[in-house]
Amino acid sequence: DAGVIQSPRHEVTEMGQEVTLRCKPISGHDYLFWYRQTMMRGLELLIYFNNNVPIDDSGMPEDRFSAKMPNASFSTLKIQPSEPRDSAVYFCASSRSKRYEQYFGPGTRLTVT
Amino acid sequence: AQKVTQAQTEISVVEKEDVTLDCVYETRDTTYYLFWYKQPPSGELVFLIRRNSFDEQNEISGRYSWNFQKSTSSFNFTITASQVVDSAVYFCALHNAGNMLTFGGGTRLMVKP
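Protein sequences, first through last, are from chains A and B. By the numbering used here, the letter at position 3 of the first sequence is numbered 3, and the numbering carries on one by one without gaps. By the numbering used here, the letter at position 34 of the second sequence is numbered 34, and the numbering carries on one by one without gaps.
Some hints here could point you the wrong way.
Stated by the list, open to error - SDA-like cross-link-like pairs, simulated, lysine to any residue; straight-line CA separation at most 20 Å:
no.: 1; chain 1: B; residue 1: Lys38; chain 2: A; residue 2: Thr38
no.: 2; chain 1: A; residue 1: Lys24; chain 2: B; residue 2: Val46
no.: 3; chain 1: A; residue 1: Lys78; chain 2: A; residue 2: Met15
no.: 4; chain 1: B; residue 1: Lys38; chain 2: A; residue 2: Gly42
no.: 5; chain 1: A; residue 1: Lys24; chain 2: B; residue 2: Glu44
Unchecked claim - Computed footprint of chain B on chain A; a stretch qualifies when at least three of its residues, placed anywhere within it, have a C-beta under 8 Å from a C-beta of chain B:
no.: 6; region: 39-52
no.: 7; region: 96-108
These are calculated hints, taken from the structure and not from any lab test. The beta carbon of each residue, even a glycine, is placed where N, CA and C say it ideally should be.
Sequences and hints are given; from them, build the entire structure.
Right, here's the structure in full:
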């Protein structure tokens with residue numbers, strides 16, 4: 001079975017540019033999560049969806065970040081405009097239920113110069 | 001509030017040694033779930049084990065074993081006869097009702113040949 005798929009794997013962009021990260025969850029998983037990982041802050045939950053509906057976005061740092069899930073097999077995380085402090089690895093994960101294990105994608109390493 | 005503490009930030013061992021990674025958690029709930037994830041140098045997060053709060057049986061999977069003790073709020077992970085391929089960052093995580101997954105800060109394990 002295919003795992004969680006993320007694209008791109010690496011993204012380098014200049015400050016002020018729009019960045020879009022993409023995620024395809026595991027088929028049949030009703031929950032989708034976006035995380036950010038940095039050395040300073042570790043793993044942070046940004047937002048999660050249940051059945052394509054955003055449930056909790058309290059971890060989204062500011063209005064420059066937005067996430068959508070138009071259907072059960074696709075989600076995007078957008079940063080507009082990007083800033084150097086957004087540089088991090090962004091992970092997407094999916095699970096069957098909140099209480100079940102989450103399966104993570106390979107991550108997108110974002111560098112904003 | 002819930003919290004996960006991994007006091008050991010870095011551990012270095014020589015191949016074939018046994019090593020235990022500590023995890024202490026805090027939660028007021030009686031029903032909760034504990035997890036361990038592995039993050040090898042390649043960066044992806046790999047699910048290792050899930051445990052619910054009502055099951056205190058220790059678990060063994062090959063060279064891996066987990067010791068769950070509610071009395072001390074600990075969920076420790078032991079690798080027997082460590083190998084270089086075990087080198088990774090290991091995360092302990094907690095999920096309880098009303099909250100999402102909370103990760104510990106991680107323990108970096110270095111296994112030297």
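Evaluation of the provided hints:
| no. | hint | in the structure |
| --- | --- | --- |
| 1 | B:Lys38 with A:Thr38 | 16 Å, holds |
| 2 | A:Lys24 with B:Val46 | 17 Å, holds |
| 3 | A:Lys78 with A:Met15 | 14 Å, holds |
| 4 | B:Lys38 with A:Gly42 | 14 Å, holds |
| 5 | A:Lys24 with B:Glu44 | 15 Å, holds |
| 6 | 39-52 | holds (count 4) |
| 7 | 96-108 | holds (count 10) |
Consistency note: the structure conflicts with none of the earlier hints.
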